[in-house]
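**Q** Dock chain B against chain A, hints included.
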Amino acid sequence: MTAGGLALPTRRPRGDQAARGGGRGLGGTFGTIVLLVIFAAIAWSYFTQAKPGQPSCPNPGQPCVAPPRQPTGAPPLHLGTVWQSSELGFGLEYSPRAWQAGEQDGRGIRLDMSPQAISAMGFSAGQAIVVVRGVPASEATPQQLVSQEVDLLRQTVPDIEADTRPGREILGPEIGYQPGIGNVYVGTTDGAAGGAVPVSAAILSASDGRLSTLFVLVVVDPGAGTPQGDLEDAARTLGDSLVNAVSWPGAT
Amino acid sequence: MAASPRPTRPPLAPGDSIEACTRRRPVTSPPILDCPRCGVAVPARAFCASCGEPLAATADGRAQSRSYAAAPGERVTSIALVSTLFPHLRRADMAVFRLALVGAAVVLVALVLLRLHPVALVTAAVVVPILMTLYVVAVDLYEDEPRLVILATVAWGVVAGLVAGFVIRRIVPIEPATVLGPGDGNVVRVAPLLVRGVVLTLAEAALMIAGPLVLLRHHKFNDVLDGATFATVAAVSFVGARLLTDAVPLLGTGLQPQGATLPWVLRVLSAGILTPVLTGALMGGVGGALWLRYRAPVRDRSALGAIGSPAVAVAVAAAGFVVVAAARLVLPQAVAAAVLAILTVLALLWLRRVIHLGLVEEAIEALEAGEVTCANCGHATPRARFCTECGIALRALPKGRGAADPTIAAREQAR
Chain A
1 MTAGGLALPT RRPRGDQAAR GGGRGLGGTF GTIVLLVIFA AIAWSYFTQA
51 KPGQPSCPNP GQPCVAPPRQ PTGAPPLHLG TVWQSSELGF GLEYSPRAWQ
101 AGEQDGRGIR LDMSPQAISA MGFSAGQAIV VVRGVPASEA TPQQLVSQEV
151 DLLRQTVPDI EADTRPGREI LGPEIGYQPG IGNVYVGTTD GAAGGAVPVS
201 AAILSASDGR LSTLFVLVVV DPGAGTPQGD LEDAARTLGD SLVNAVSWPG
251 AT
Chain B
253 MAASPRPTRP PLAPGDSIEA CTRRRPVTSP PILDCPRCGV AVPARAFCAS
303 CGEPLAATAD GRAQSRSYAA APGERVTSIA LVSTLFPHLR RADMAVFRLA
353 LVGAAVVLVA LVLLRLHPVA LVTAAVVVPI LMTLYVVAVD LYEDEPRLVI
403 LATVAWGVVA GLVAGFVIRR IVPIEPATVL GPGDGNVVRV APLLVRGVVL
453 TLAEAALMIA GPLVLLRHHK FNDVLDGATF ATVAAVSFVG ARLLTDAVPL
503 LGTGLQPQGA TLPWVLRVLS AGILTPVLTG ALMGGVGGAL WLRYRAPVRD
553 RSALGAIGSP AVAVAVAAAG FVVVAAARLV LPQAVAAAVL AILTVLALLW
603 LRRVIHLGLV EEAIEALEAG EVTCANCGHA TPRARFCTEC GIALRALPKG
653 RGAADPTIAA REQAR
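Protein chains in written order, with the working numbering: chain A, 1 to 252; chain B, 253 to 667.
Chain B extracted, bound-state conformation:
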């Protein structure tokens, strides 16, 4: 006797958020989990829709929610620079980028030890922007879109950074916020602190995001990942160009100007690695929030919690920029560097959540392309590579929708 097929399960409900989907839910809306073999976020059914791996033993949505979609071996809460800034790379390519970053840091320190301070600062200005540009070109991030879009994003950051640097240098007098006082201590002056630490810092941040905002109008860039990528690329390019405008005049002070070594090591590593990473992460968070609010499906808008709100994201990023700028102007260099490092870690964790959401969103988009009835077992399964109920490769099935094999269907039903 042929067993009757199980009732068709509806796909993800339109109102479900990503967060909700990662928890155990009634059978009408299966949770999402990362396949332990291929790492793709798939419905928590019997088999992975992407690679066919049996999922029964790992169908725990809560455990899955900590796994980072771009690097299944890492958690969303892991502190990992390369998989956060360059999430679309293969693991082997991530190793190359990691090596490039470490190598660049070593070169920067070596330049400082050779007392080539201005050269080190100029080099620091280009390290992360070059890596980011190579990344977006190398992974064909927008293969379906004109390359012009991503090049325009880089160009916006570079041009805006150069213009901002030269204009600020020309019209705003270099006025230290901390100066010698008449007594035994330094004096913090409010006006320069407000102008350089708050007004100019926020103006530069607004300039960074202005370019990517133009792309928000285009419906074809409708993913959270799009917003995060555009904003991060523009921000990193901006920071590099801005630092160049500060560094190039130093070249005139000589090839090996005087200056103690250790402060310069801190400076080039802060300016060349930490600052672009922090800025890119904060701006990526803002871009992700904007795209989440205005371009992502309604059900996902609360997926990041309060930080996913554009107003909150902008406020958090602005606070981060101001704190770092004020720390540089007021605090001793080592303390300011520590503040920068702490904020960079926090910003990376934020960007990581945004990217994770974007990648899961992409996976769900693919899975929501519709369901078909598996010709092998007769169960409804997402349009993907493998049947989520019996694990057979859908590509291996005949094109026609023949009746389900009653034997297999009965075995599946019993299981």
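Next comes chain A alone, as it looks inside the complex:
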């Protein structure tokens, strides 16, 4: 294009043209697309959500059967690895094939579910960890231990809340056959890319008057599943054996 015999720049100057479709048109297009995405996500979520689980026991809030009692009259038979608290005397026996020992100190230990166990059960994702910890009863009650643990979890699971879905409560909570308290919490943790990863945590605590113990089972991506069930169910089954394998000081 020329004017006055002069060749004008070939590039059209920027900023002197309205955007294609006009401002309102763009806003309308954007709003329409966002609304479509919202409706699609709602529909997807509605049709793919898991059906609420039915309580496995006939009486809501009550255990199906009486909780097991600690065997007596025979020395313990240790088939797994035994960890003993050097400071407080309580102990824990775990299967080294199912659990790997992580950090530990004189009052507690963390166990990670081994990748072999996770893959052997058919899961391709997710992780489960168990933390067992004790304090002298004079330092904290079971309620205080649970509260402290929820606060600690909140640092990595910022939206943690008690799981109020039916059929999710812990019936007859006990640690090492010692009755206590327990609850299930759910939330999400931040992914490195900005997303969210679901987390569930079962927290139990009990005391014998001299010692208060805490048992925490955290499952990351609990919905990761196979046709036979999800990781949370599998981790709870393994964790149930573990929580019975806690030994109190003086009890052999």
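Just so you know, the hints here were simulated from the structure itself, not pulled from any lab data.
The reader is advised that the hints may include incorrect statements.
Computed beta-carbon distance windows for the label pairs [as the list claims (entries may be wrong)]: (1) A/T72 - B/L514: 47 to 55 Å; (2) B/R469 - A/T237: 55 to 63 Å; (3) A/P166 - B/L366: 17 to 25 Å.
Sample of chain B residues at the chain A side, in silico, Cβ under 10 Å [claimed, not checked]: (4) L383; (5) L386; (6) A390; (7) I402; (8) A404; (9) L432; (10) G433; (11) R441; (12) V442; (13) S554; (14) A558; (15) A586; (16) A590; (17) A593.
Just so it is clear, the structure is predicted and the values come from calculations on it, not from any experiment.
Heads up, the beta-carbon is just placed ideally off N, CA and C, and yes, glycines get one too.
**A** Showing chain B alone in chain A's frame:
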């Protein structure tokens, strides 16, 4: 007596950098400034080459260098999201995009308040990518090029983000970097931190820029703006698709899963607004540096200083990505969000400098198309719309190169 015309001033010297041109220089190489009326970067002569505005009172190159070429009312150092991400929009259209961003943020918060957390996260994944796609299509950014180029850039980001998300989800176990410890505190584990915070983060960044790098080979995309635009568009599309792969599995947890509200507000705003803006700005900076080094005129290569070097730009962007990912994995959510916000501001300022340089470069390209002798005053003036010496519209002049009007020439000489 007819005054003899002033000697012809040479155009910008081939070795001059943009930075140098924005300062006062000898008459042989006039500084560049933004016209106060039209905002176009033009030589600091008597009149604006673009609109004819008298420039004598504002011919201060240092003052000009702080004005942002895409929005003359703002400074290069201003923190402005819309004029940085969408620089080619008119002011009125910028207002629409600003409103769209604010509206989207309000919708995201509303979805969280309705406890539709997964829906909010899915929506957050598409907000900025949709706006960016609408922008590049709406402003006809590459009107002379096949639309395929820009669509391919978007497609690259989307496909690479989806593939990266699904592959990472399948082959890398979800292993939190911060877990409960045996004592009263959490424990940071090095291996997950290195894998998720460093290795995977950098691999994803490399994937984002890989698509735009293909276009670096093409000489027709020879502007700093081209590199910044390609990289920003690909990065924003990638981040949206990547977040979708994280968000969609959450849809299976129910329409209104449990979870406290405030952390979710922080999460969706961080993931939906801050993260794509940060990623787009960092990648835009890298793209701009690459194009500046390999496609821009030699004289401009030092225009951005050290950050204009591709090696430095890549290192800075990589550090930014790693810091944000590590903060998410290790720090409490509010602190990580604060880190993300601070880095986003810094990255925006970087991208703004790149875009400003690109726009000034475009203006100089146009002005360097050559000089003509103004038929009105007889002075040399860039091939533009207005004579920089007497302010007359060149289009208004006759096609032939008649002699200059001696009266006007004498008045101009006296001035």
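**Q** Should the hint that B/L386 touches chain A count as held when the rule is a Cβ pair under 10 Å?
**A** It holds, given that the least Cβ distance between B/L386 and chain A is near 6 Å, below 10 Å.
**Q** Using 10 Å as the Cβ threshold, decide whether B/L383 counts as touching chain A.
**A** It holds, given that the least Cβ distance between B/L383 and chain A is near 6 Å, below 10 Å.
**Q** Measuring from beta carbon to beta carbon, are A/P166 and B/L366 in 17 to 25 Å?
**A** Because 22 Å falls inside the window, the suggested range holds.
**Q** Between the beta carbons of A/T72 and B/L514, is the distance compatible with 47 to 55 Å?
**A** Between A/T72 and B/L514, where Cβ atoms are some 50 Å apart, the hint holds.
**Q** Less than 10 Å between beta-carbons is the criterion; does B/A590 satisfy it with respect to chain A?
**A** violated, 14 Å
**Q** Holds or violated: the hint that B/A390 contacts chain A, with Cβ atoms closer than 10 Å.
**A** holds, 4 Å
**Q** Given B/I402 was flagged as interface, is its beta-carbon under 10 Å from a beta-carbon of chain A?
**A** violated, 13 Å
**Q** Was the hint right that B/S554 lines chain A, CB cutoff 10 Å?
**A** This interface hint is violated because 24 Å lies over the 10 Å limit.
**Q** If I claimed the Cβ atoms of B/R469 and A/T237 lie 55 to 63 Å apart, would that claim hold in this structure?
**A** Check passed, 57 Å falls within 55 to 63 Å.
**Q** Restraint: B/V442 near chain A, CB-CB cut 10 Å. Satisfied or not?
**A** With a minimum Cβ separation of about 12 Å from chain A (threshold 10 Å), the hint on B/V442 is violated.
**Q** Do the numbers back the hint for B/R441, that is, is its least Cβ distance to chain A under 10 Å?
**A** This hint holds: B/R441 lies near chain A, its Cβ roughly 8 Å from the closest one there, short of 10 Å.
**Q** Close enough to count: is the Cβ of B/A586 nearer than 10 Å to one in chain A?
**A** holds, 8 Å
Checked against the numbered hints above, the structure breaks hints 7, 8, 12, 13, 14, 16, 17 and satisfies the rest.
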